[in-house]
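Sequences listed follow chains B and E, in order.
In terms of this note's numbering, the first sequence has 152 at position 152, counting the first letter as 1, and numbering is strictly consecutive.
Position in the second sequence (from 1) plus 398 gives the number in this note's numbering.
Careful: at least some of the hints might be erroneous.
Said to hold, decoys possible - Cross-link-like lysine-lysine pairs, in silico, DSSO-like; alpha carbons within 30 Å at most:
#: 1; chain 1: B; residue 1: Lys-34; chain 2: B; residue 2: Lys-301
#: 2; chain 1: B; residue 1: Lys-139; chain 2: E; residue 2: Lys-467
#: 3; chain 1: B; residue 1: Lys-301; chain 2: B; residue 2: Lys-139
#: 4; chain 1: B; residue 1: Lys-139; chain 2: B; residue 2: Lys-80
#: 5; chain 1: B; residue 1: Lys-80; chain 2: B; residue 2: Lys-34
#: 6; chain 1: E; residue 1: Lys-467; chain 2: B; residue 2: Lys-34
#: 7; chain 1: B; residue 1: Lys-279; chain 2: E; residue 2: Lys-543
#: 8; chain 1: B; residue 1: Lys-34; chain 2: B; residue 2: Lys-139
#: 9; chain 1: B; residue 1: Lys-210; chain 2: B; residue 2: Lys-187
#: 10; chain 1: E; residue 1: Lys-467; chain 2: B; residue 2: Lys-301
#: 11; chain 1: B; residue 1: Lys-279; chain 2: B; residue 2: Lys-187
#: 12; chain 1: B; residue 1: Lys-301; chain 2: B; residue 2: Lys-279
#: 13; chain 1: E; residue 1: Lys-467; chain 2: B; residue 2: Lys-216
#: 14; chain 1: B; residue 1: Lys-301; chain 2: B; residue 2: Lys-80
#: 15; chain 1: B; residue 1: Lys-116; chain 2: B; residue 2: Lys-34
#: 16; chain 1: B; residue 1: Lys-216; chain 2: B; residue 2: Lys-116
#: 17; chain 1: B; residue 1: Lys-187; chain 2: E; residue 2: Lys-543
#: 18; chain 1: B; residue 1: Lys-116; chain 2: E; residue 2: Lys-467
#: 19; chain 1: B; residue 1: Lys-301; chain 2: B; residue 2: Lys-116
No lab work stands behind these hints: they were computed from the structure.
Just so it is clear, the structure is predicted and the values come from calculations on it, not from any experiment.
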Amino acid sequence: MKRVKGFALMAGLALLVAACGGSSTSSEPASSEKPAGWLESVGAGEGALNLIIWEGYAERGAVDPAYDWVTGFEAETGCKVNTTSMTDSANGVQLLQSGEYDGGSFSGDASVRLMKAGDVAPVNVGLLANYANVFSGLKDKAHNSMDGMPYGVPHGRGANVLMWNTAAVTTAPTSWDPVWEGGAAYKGKISVYDSSIYIADAAIHLMATKPELGIKDPYQLNDEQFAAAIALLEAQRDNGAVYWGTAADQITSFASGDLVVGTTWQYQANMLAAEPAIKVDTTLPAEGSTGWSDTWMMATKAAHPNCMYLWMDHMMSAEANAQATVWFGEAPTSEAACAAAEALSPGHCEQFHATDEAYFDNVWYWSTPQADCADDDAATMCKDQDAWVEAWTTLRGN
Amino acid sequence: MSIPEGPRANLSQQRSLTRRVTSWFNAHPRATLRSLLAGPLGWIGLVYLGSLLILLLHAFWAKDSFTGKVEPFNWTLDAFIQIASNPVYSTIALRTIGIALLVTITDVLLALPIAYYMARIASPRKRGLLMVAVTMPLWASYLVKVYAWRTILQGNGFLGWALSPLGIEGPGLSEISNAWIVLSYLWLPYMILPIYAGLERIPNSLLEASADLGGRAGMTFRRVIFPQLIPALAAGSIFTFSLSLGDYIVPDLVADAKFIGNVIYDNSALGNFPVAAAFSILPVVVMIGYLLVTRRLGAFDSL
Chain B
1 MKRVKGFALM
11 AGLALLVAAC
21 GGSSTSSEPA
31 SSEKPAGWLE
41 SVGAGEGALN
51 LIIWEGYAER
61 GAVDPAYDWV
71 TGFEAETGCK
81 VNTTSMTDSA
91 NGVQLLQSGE
101 YDGGSFSGDA
111 SVRLMKAGDV
121 APVNVGLLAN
131 YANVFSGLKD
141 KAHNSMDGMP
151 YGVPHGRGAN
161 VLMWNTAAVT
171 TAPTSWDPVW
181 EGGAAYKGKI
191 SVYDSSIYIA
201 DAAIHLMATK
211 PELGIKDPYQ
221 LNDEQFAAAI
231 ALLEAQRDNG
241 AVYWGTAADQ
251 ITSFASGDLV
261 VGTTWQYQAN
271 MLAAEPAIKV
281 DTTLPAEGST
291 GWSDTWMMAT
301 KAAHPNCMYL
311 WMDHMMSAEA
321 NAQATVWFGE
331 APTSEAACAA
341 AEALSPGHCE
351 QFHATDEAYF
361 DNVWYWSTPQ
371 ADCADDDAAT
381 MCKDQDAWVE
391 AWTTLRGN
Chain E
399 MSIPEGPRAN
409 LSQQRSLTRR
419 VTSWFNAHPR
429 ATLRSLLAGP
439 LGWIGLVYLG
449 SLLILLLHAF
459 WAKDSFTGKV
469 EPFNWTLDAF
479 IQIASNPVYS
489 TIALRTIGIA
499 LLVTITDVLL
509 ALPIAYYMAR
519 IASPRKRGLL
529 MVAVTMPLWA
539 SYLVKVYAWR
549 TILQGNGFLG
559 WALSPLGIEG
569 PGLSEISNAW
579 IVLSYLWLPY
589 MILPIYAGLE
599 RIPNSLLEAS
609 ADLGGRAGMT
619 FRRVIFPQLI
629 PALAAGSIFT
639 FSLSLGDYIV
649 PDLVADAKFI
659 GNVIYDNSAL
669 GNFPVAAAFS
679 ILPVVVMIGY
689 LLVTRRLGAF
699 DSL
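Looking at chain B on its own, in the form it has when it is part of the complex:
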C-alpha cells in the first residue's frame, strides 16, 4: 500500500518538475517617452490571455481543488487563460519569440535575454495596485529591470540548498564541503543536479575556498576560473556522484537511501518529509548558493495587454501568490501573501525565508553566462553559454 502511494506521489512529482530562476522588480514609473508596449491605463480585459508558464504556476484546481487561482481570475476579468508549459528557459524564450503569447513567468536566465532583445515590455507598475505590497528586496534587480525600469513583477523565489540524510550524515554540514573535497566520506552517494548551470555551484564553492581565483560572479567565469570549476566537478564525478535530471529522480534515490547528500530544491525535501523511512534536513551553506527568482513579463507584441496587466496584478495578490508559492514550494513575494500562506501551510514563509533578505543576499539567482562577462569592461572575456553546455557534455559523457 505504501509503495503504491509512493508511486502516485512520484507521478505527481514528475508533473511538477520544473526549473526556475528569474525574479523581482520595481522602480519608479517611467519617463515621458513611451517605450513599445507601454500602457498608460488598464482598460477592460480583451477576453483572452495566452501565457507561457513553469508547470504549476497557473493551477485551476485540477490536481487539488484547494489550489485554484485561475478560475476566479477568469470569472472576475473575463480573460480566458490559456497556458503553455515551457520545458526550460531556452524553450520559454523561443515560445515568446513566436509572437503567439501575451507573456509568461521567466527565470533570470531567460528574462535578461528577453529584455535585451526587446521581446518584453517595461511595465507601468503604477497601474498595479498590489505592486506596492511586494518586498522591496524583490524589486529593481538585474533580472527584472533594465535602465531603472521594471520589466515585470515577481512571482516567487527560492534557493538550491544542501540536503542530507540525517542517518548517514550525522553532523549537520554548514558548507558544501560534503559534495566537494569532503566527498570521499560519501563515495557514490552524492546527488548532483544534471545541468550545465551547476558549474556555477562549483564556482560558488571556489569563491570561498580559492579566493585567489578572483571569482566575482559564479555565472561569469574566465578561462582560468572555469578550468578550476571543471577540475572540481571532475573530481566530484570521479568520486561517484550520481546526477538527477528531475525532482522525482532525486526523491526516489533519497527515499531508497541510495544517496545521502547533495544539492536540491526545497521542494524535494518537503516531499521526502512524507517518507517515514528516512529523515532529511537542508541548509543554505555558508558559501551561499545558486537559486531562482521568477518574473511575470509581458510580451512587447502582446495581443491582450489589459488582461496581462490584470494577471500580473492578480499574481501579486495575497491569495493567488500564497496559493502559487505554497503549491510550488517557494517564497511568496509580500507580507500579505505570507499571511494568506500561513492558512494553507503553517510556517511557509519561515521555511522558505520569504522575509529573510540576508538569506537571499547569499543566493546567486540563475543567470546566463556571457562572452563579455555581462559587464562594461571590454577587456574581460568569459565562457559563454555554449561553452558551459559543451563542458558539461564533456564532463558527463566520458
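Position chain E relative to chain B; hints supplied.
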C-alpha cells in the same frame, strides 16, 4: 413562373459543372490517382520530410550565443567542427551504438525460444495466453516501466535485497549495464512478434521433410528454420536497434549515462540548436545504413 426558374437554372448549372469535373477525371485516370494521393503524400513530403529538412539545415546555420537565436541562411560548419574536435562526442556515439547492438543481440537470444514455443509447440489456448503476456507490457506507460526498473535496480532495491543472501550488493543507478538490461526488457515484444510471425509462416511440411531426410532438431533449426527466419530477425532488429539508438530517458533514469539522445536534448534545451541538429544527423545516417543492410536481408518482406 420566374421565381422557381432562377434556382432551377442554378442547380442545373451546378450539375453540369459536377458532371464535367467527374467526366474529366474519368477520362484521366492518372490525374484521379494523383489527386487522391496528393493529401497523404503532401503530408509526408511537407510535414514529415520538411521538418527533417529544416533540422538538417539547422546543423549548417550559425546562432547567437547569448539569445540562442538561430540565424537562418548564415552558413557555417561550426557545429560540425565542435563535434569533430571534442572526442567526447564519438565516445558517446560509440557507447550508444554499442548498447543498441547489445540490446538487439540480447533480444534475439531471448525472443527465439519464446517465439518458437508460441508458434510451434504451445496449444492454441497457451498460445493465446502467451500472446497476451508478451503484449501486456505494451499497455503500460513507458515511464511507469522505467520507474519500476529503478526500484528493482537501485542500491537498496529489489535486486539488492534478492542478492543480499549471496553477499552481492544491488547495482545502484549509475551502471551502464542497467541501460542494457532495461532497454532489452522494453523492446523485447517488438522482437518476439516478428519472429513469431516468421515461424508461423514456415509450413510444417518443410520440417517433416527435414525429419524424413534424417535431420535432427539442431540441424533442422540451422538449415531449415534459421535461414527462413532471417527476414523476421532483421525486421525485429530494426525496432530494437532504432528504439535503443534514440532513447534518452532510460540512460538518464537508470544508468546516469549520456547517450546520443541526451546530448541532442541537452543542447536543444539550452539553446544550441545547430549542435543538436548536427549530432542528430549521426543516428539518421547509422539507421539508413542499417536499413540498407536489413533490406538486403529481406526484412521489409516480413514487416
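Can you give the numbers of the hints that this structure goes against, from lowest to highest? 12
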